[in-house]
Each structure stands twice: as structure tokens, then as C-alpha cells.
Amino acid sequence: MASFLQRFKVEWCKPSELRKRGIVGMNHRNSHYIARYNRRELYPRVDDKLKTKLLAKEFGLNVPELYGVVTNQSGVKKLAKIVGDHQQFVIKPSQGSAGKGILVITGREAETFIKPSGGRLDHGDLRRHVSNTLSGLYSLGGKHDKAMIEYAIQFSDAFDGFSYQGVPDIRVIVFQGYPVMAMMRLSTAASDGKANLHQGAVGVGIDLITGKARSAVQFNRPVLKHPDTGRDLRELVVPQWDKLIHLASQCYEMTELGYLGADIVLDKNLGPLILELNARPGLAIQVANNAGLLDRLEAIESISRKDRILSTAESRVAFAQQRFA
Amino acid sequence: MKSAIQLRILIATLAVIGLASTLYRHFQTGYPLTPDQKLPVWTIEAKLTFTAEPDTPVRVRFAVPDEQPRLGILEESGASPNFGFTPPPTAEDASSFFRYVTWSKQQAEGKQELFYRIDIYQRPETPIPLLPSPPVELPADLQEGPQAVAADEIIALARQYSADTESFVSQLLTILKDSNNQNVQALLANRKKPLEENQLLHQLLAKAGLDAHFIRYIPLEKSASNISLQHAVAVIDNGKMQLFAFGSPHPLDTSKALIWQRGGPALVELSGGRNGRISFSTIEQFLPAELVQETAARRKQETLTDLSLSSLSIEQQNAYRLLLMIPFGALVVVIMRNIVGIKTSGTFMPILLAMSFLKTDLLPGLLLFTIVVSVGLIVRSYLSKLDLLLVPRISAVVVVVIGIMVGFGIIGSKFNLVIAQSVTLFPTIILAWTVERLSILWEEDGAGEVAKQTSGSLLVAVLAYLVMGNPTLRYQVFIFPELLLVVLAVILALGQYAGYRLSELVRFAPLVKSQDNAPR
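Heads up: the protein sequence lines correspond to chains R and E, in order. Taking the numbering used here, I'd label the letters of the first sequence as residues 1 to 325. Taking the numbering used here, I'd label the letters of the second sequence as residues 1001 to 1520.
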């Protein structure tokens, strides 16, 4: 209760203090990084998740397997065929934003589908969800969309007790191919199983070398334990960290976006998979890491063009781990 | 870097052009900068009395003033019970040198009173095509004989001491005042009345070959009754007109002298009556500048001479008034989103809401918004349970929203609520979309986010409403639309702002304050 009330206590700081800590603000991010390094015509590569997925396959990067796509209303009939006998799957809009319209099915009893929350759906519910998706309910600006039916991630046991329901994913900010900062987002009861920090998910700053937690916040305030499970967040370690951070770094060549947020999940069997990419990644990662982005971004801007262009994902990760740990 | 310099130059250019043009027009044309400035308006009433002759049709033709470079007509009317009144021809038909109103009646008996009223306002110098003066016929004594010689000598003397038309007229008038001059004595011997003196001046100027005509004018004073017309001579030189009266070498102030009649024919032509008499009275009053401009604009709606927005019809003007305020709403949105950092649902939704509030007034608008959106959300949550596609669902919400408004109208008319009358103007589609957006937001991000974005939108909408409804600003941007360039410059300048938003000072505060107790 006390922490709930604390959320409403307004704390101020001076702009000079933020500058001293190298915090990047929204306007600075938009004008200096996104406008300058992300060419407009490249956006569809990340805004359209189907394109991202196909592109990733082309570049040999791991993504959740695609079971099928419904592109128009008449295709909704095929849904049952696409779903087939899969016990677990995810239906998501190809151009949804902020996790909108993602339907996860984690279990099945004959023709009844079970959501992580325990809610039960039948084929009609699924068709309606797909139909809504196609008519643009979940996409930006309500434009027509496609519905993707894909592999449901089997979460690594490493995160048991760190997440309440929902998807624990790792967000890596990749600037010109260099991983700059990483954070893990853990859903909570307060966030209703969603991984959005402003809804109450816990953000955990992840060390770029070790994949270990360095700091954690919920509602912009430091926390030590997961609010629902009580697990000590300092014990959190992301397995296969090197593989994961390399995967994030490789997204640069694939998308050519200079300022990129890569959302990566860790599958029990398949290892790190690219869940989605974001051309306008948020700034909450600074709060989770208790550090500003500015110094790191400037360090990368000062690398010579030659070195940048001739770099490989390995050398970029090495640079980042050496400088930003 | 280069584009940043370009942008700065662009911003400076836009701001300078906008401000300079505004100030130039303010000083040049005298449009006041604030709406509450008042302009003097004179109401001049001419009262005609005469005795009608029995059994004859009555027809009265009365000369009336026309638009003048520094005096404009706001309104004119002829009040005369039982008489047919023919207003003067419109300005387009200004080909005639004289302007008349006509009263007529088949039969009248006894004393008659006719009134003509005209409202005159002072205005900045407006070019009005000046018609050439009608030809002047000189009286016989000025054409030949000793008086003609005296006139020629005076003209020659005045020429000698003058450089241009104005100084020539001044010299002439100075000489005519010199009672020791024998030529002057000769000319004025049988011209004693002001009418005759001014006619002499006119004839001398015509003899000297100048474009001049005789006029009758009414001096615009604070308020006076029972005044009569004065005589003067209008001298046209290089398309400019100046008024000179016998007795003073200085031209009359044309913003204080209303030319009632040009040329010299009779002021009134009366048939079917006798003992005609005219008296004038003036009342000076101060009216709001905007009202004056608007009334003047309405009068000359058809003329193309005026290129400002006030030459549009009133209905169009109102549309433009609203249109011109939208950039200010946009400016408010830019400031609130990029400098303050308030989240709104939809970038320009607040402007649309503000425009709705302008139609309904703030409190009824807010009340309506709250009721319609909350009922709409409830209905929408039910509709989402049915198997409906997006477009039909939004359409259904539109129908429901209209239903709510109709219900409002019916209930409102029963209880005589003011709110109900403005309901129809409230943009239904905007509300329907708001309901749709908010309900999706509710499903996806929860009620908290809905509350946050709705209150953000409403806050910005109210601020935009206050700015867009500001009467001074509305007046200024309507009279000086070039101020929009300044708004554009400010928006462009704000577009460069890469500093922290106010909300980020709160958002990132824990980062600064709690850096020591972060878990490690």
C-alpha cells in the first residue's frame, strides 16, 4: 500500500542533473537519433512483423516459427487448418504496436483453447480475434492488417519465479550495430501479465558482459524483489547471454536501422529468438539500468566510419562489452 | 548542420515577414491591433421639410454623399412615412458624378418631413477613382472685360510665387485675402456671400486650367444640430483631391469634412411642393473598431477592391475565423506534447475537441463529452462481445452516439436546457472515434491509461479552447492573417527543441535521486 501511494508522490529534478547523468530525453531521441539514423523507408522492415520474420529467415537469424498467415477476411476460414493440432500457439497482428492484439494460447482441450490467464476460447473466438486483427483494430491508424499464427515460446526455466504470467523478454538497444544497453522486462500482477513498464512491469537492467541483473525498477522506483513471487531480482542471470547479444547486434545488418530496439526471448529449446524489432524504442531502459544512454551513444558516434562499416557483430559486441560494462 | 542554419533563416524570415506586414498594415491602414479600440462614427441626419401642393404627385430628389478617400459610409437610410424611397445606386454604378436619393408619392397634403440618415466613419486613405470635374462655364464678366483682366493678373501673380498646384492655390487664396489689391477689390465688389466667394475661387482655378470642382461639405464636429452645408472647391491633382475654402490658404482636413455634393447643381429638386427647407445635424459616437470594419465590409461586400478577409460574406467570415484559430490550437498541442510532455489520445484530437467546445461553450461541452463518452464506452463494450468487424462496429457506435444526442435534445427541450441546443453542433464522428479509441485502449492498456490519456486530451483541449476562443487573438489573426507566419515560425522553432520535457523531469527523477540505493 505504501508503495502504491508512493507512486503518486511527485519528485522533480533539474534538467542540469539529467544532463549530468547523460539521460536522453524523448525530444533528443526523436530529433537526434531516430530522425538521423532511421531512414523512413526502412520502417516497414520492423513495423511489419511478417516482413521482419521473413527478413530474419533470409539472414539466418532465429525467430519463432511461422505456422501461417491470414491476409484477408475470406482466409479466416483457413484458421482451423493453420492451427491444426498445435497445442500452443500465438496469434498476433503483423503491424500491431505495444503488444496490442496478441493472443497467446498455452493449452488445449479438444476444440477449446486456453489462455495463460485460464480463460477459455472456442474456434469462433479465435476467428473473431483474427477478423478484428484483419480489419485493423490493433494496428497503428486502424489500417488493414495481417494475422500471424506462430510458435509459442517455451520459456527458459532460468526465469522461473521472475515473471508473473506473461512473457519475460529482453530489450537491447542497438546503435549502429553496437549493443548499447539491455533490460529485461518482467510482467507482474500489476501489469496484468504485460511487459510494459508503464503498466507496472518490472524492468531489470542487464549487464552487457555477464547478462546479470544490475538494478531493477517498478513504477520508476528501485525494487529488490519481484513484487508477486518475492524472488530476489539480483539473482537473475540471462543464460546464453553472448548468443543473445550477438543476435541483437546482427539485427543492424538485417534492418539497416541505426537506432534500434531488439526484443529477444529465450526459448527453452531453441535459445534466443527475435520476437520483434522497434524503430522507436522507449527510454525506460535508462531507468531500469539506472544509467543514461547519452555517453554510450556518443562513444559510438565517435568511432570512425571505416571502423564502423568494417565491423562485425563480434567486434561490436566486444567493443560494447569493453566500454559499457 | 546546414539544414539547421536553413531552418533558422526560415524561422527568422517567417517571423519578420509576419510581424513586419502586421505592423505595416497597422500603421498604414490604421487597423487597430486590439479589438476594443474604438473609432469615431458620425451619424448625420438631413431633415427636409416642405409644403406639398394638393393634387400633384410629389417627387423629391436629394443629393447625398458618396464614399470618400478618408471617409467611408457605414449605413444610410431614408426614413419617411408614406413615401416611396429609392436608395442611391450602389458603388459599382459610380459612373455618375452625382448621387441622389428619391422620395415620391402620388398625393400629399400640408407640411411634409423627410429624413435621410447616413453613418460615416473615418478610415485610412483609400484610393477611390476620382472622376474628372464637369466642364465649367465661366460667367461673362470673367470671360471678357475688366474683371477678366483682373482675374488673369491675379492668376499670373499667383503663378509667379508658386511651384506646384497646391502652392498655386494657396498663393491664389492669399492674394484674394489682400483687400488692398485692386484686382481683388474689383473681383469681390459684387461677390460678398461665401457661396459667391467660393464660386469665384472655383472659376479662377478653372480659368487657370486646373481640374477643380465646386463642392458642398459638412464639417464633422462632435455633435451639432441645425448646421448648414459649407462651400469649398475640390482641386484634383495627380489623382489626389484637396479641399480649399475661400479665406484660408490651407487645405481642409479631408477626414473632417464630408463632401455632401460635388459640382454645383441644386441640393434638392422638389416637384409638387414648395417652401423646401433642409437642416443637418451630426452626432459623434465611438464604436468598437471591429464592428465598424465589419459593417463597412458588409456594405461593400461585392466590391473587389478590398482583398482582406473582411470582404467575405459574414458566413464565410465566421468559417475563416474558426479556421484561422486552428494553428493556435496546433501550437498549444506542440507545446503541451513536446515541451510539457502530456500524453493525449490522438495528436490533434484535442484541437477537434477544442473546436467542439467553441461551439458548445466549455462547461456544457465538458459535460456532454463526459456523458457521451461514458455511455458510448458502455455500449461499445457490449458491442465488442458481438461478432462485429471494425467498420460496422464504429458505425454502430456513431449511431448510438447520435441516439444519445437525440435523447439529450428531447430531454433538454423538455427542461429548457441550454446544453441541449448546442448538442447538434457537437461533432459526432469525433466523439464516436474517441469512444472507439478509448475502448480499445481500455482493453489493451487498462482503465488507468484511458484515464491518463483522456485527462491529458481534455487538459490540452481546454487550453486550446482558451487560446482559440481568446477574442483579442481571434480579432488579430482575422485582421492580420499574416500572423500565422509567426505561429508557423514559433512551431518550427519548437520543432528544434531537443531538450528535456517537463514530464521527464519527474519521470527520470528517481534516476538522479536514488542512484545510491539501487541494487547491485
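Mixed in with the good hints there might be a few duds.
Said to hold, decoys possible - Below, a list of computed lysine-lysine pairs in the DSSO-like style, where the Cα atoms sit at most 27 Å apart:
#1 E:1385 x R:146
#2 E:1177 x E:1240
#3 R:212 x R:146
#4 R:100 x R:146
#5 R:78 x R:14
#6 R:57 x R:268
#7 E:1240 x R:143
#8 E:1240 x E:1207
#9 R:81 x E:1385
#10 E:1343 x R:14
#11 E:1343 x R:77
#12 R:100 x E:1385
#13 R:14 x E:1452
#14 R:57 x R:81
#15 R:57 x R:14
#16 R:306 x R:100
#17 R:143 x E:1359
#18 E:1452 x R:143
#19 R:143 x R:78
#20 E:1385 x R:78
#21 R:51 x R:20
#22 E:1240 x R:100
#23 E:1359 x E:1240
#24 R:100 x E:1256
#25 E:1002 x R:306
#26 E:1385 x R:115
Derived from the structure by calculation, the hints contain no laboratory data. Given the structure is predicted, the values throughout are model-derived calculations rather than measurements.
Structure-based check of all given hints:
1. E:1385 x R:146: Answer holds: residue 1385 (chain E) to residue 146 (chain R) is near 22 Å, not above 27 Å.
2. E:1177 x E:1240: Holds: residue 1177 (chain E) and residue 1240 (chain E) sit about 25 Å apart, inside 27 Å.
3. R:212 x R:146: Roughly 37 Å separates the two Cα atoms, so the pair is violated.
4. R:100 x R:146: It holds: about 13 Å lies between the C-alpha atoms, which stays within 27 Å.
5. R:78 x R:14: violated, 57 Å
6. R:57 x R:268: holds, 20 Å
7. E:1240 x R:143: Not satisfied, since the Cα-Cα distance of roughly 65 Å exceeds 27 Å.
8. E:1240 x E:1207: Cα-Cα ~20 Å, so holds.
9. R:81 x E:1385: holds, 25 Å
10. E:1343 x R:14: Given pair residue 1343 (chain E), residue 14 (chain R) holds - Cα atoms ~21 Å apart, limit 27 Å.
11. E:1343 x R:77: violated, 39 Å
12. R:100 x E:1385: Distance ~18 Å between residue 100 (chain R) and residue 1385 (chain E) Cα, so the pair holds.
13. R:14 x E:1452: holds, 24 Å
14. R:57 x R:81: holds, 23 Å
15. R:57 x R:14: Roughly 46 Å between the alpha carbons, so the hint for residue 57 (chain R) and residue 14 (chain R) is violated.
16. R:306 x R:100: Violated, at about 40 Å.
17. R:143 x E:1359: violated, 31 Å
18. E:1452 x R:143: Holds, at roughly 25 Å.
19. R:143 x R:78: At roughly 22 Å apart (the allowed maximum being 27 Å), residue 78 (chain R) and residue 143 (chain R) satisfy the hint.
20. E:1385 x R:78: OK: residue 1385 (chain E) and residue 78 (chain R) at ~23 Å, within 27 Å.
21. R:51 x R:20: violated, 40 Å
22. E:1240 x R:100: violated, 73 Å
23. E:1359 x E:1240: violated, 47 Å
24. R:100 x E:1256: Distance ~73 Å between residue 100 (chain R) and residue 1256 (chain E) Cα, so the pair is violated.
25. E:1002 x R:306: holds, 24 Å
26. E:1385 x R:115: Status holds; Cα separation ~17 Å.
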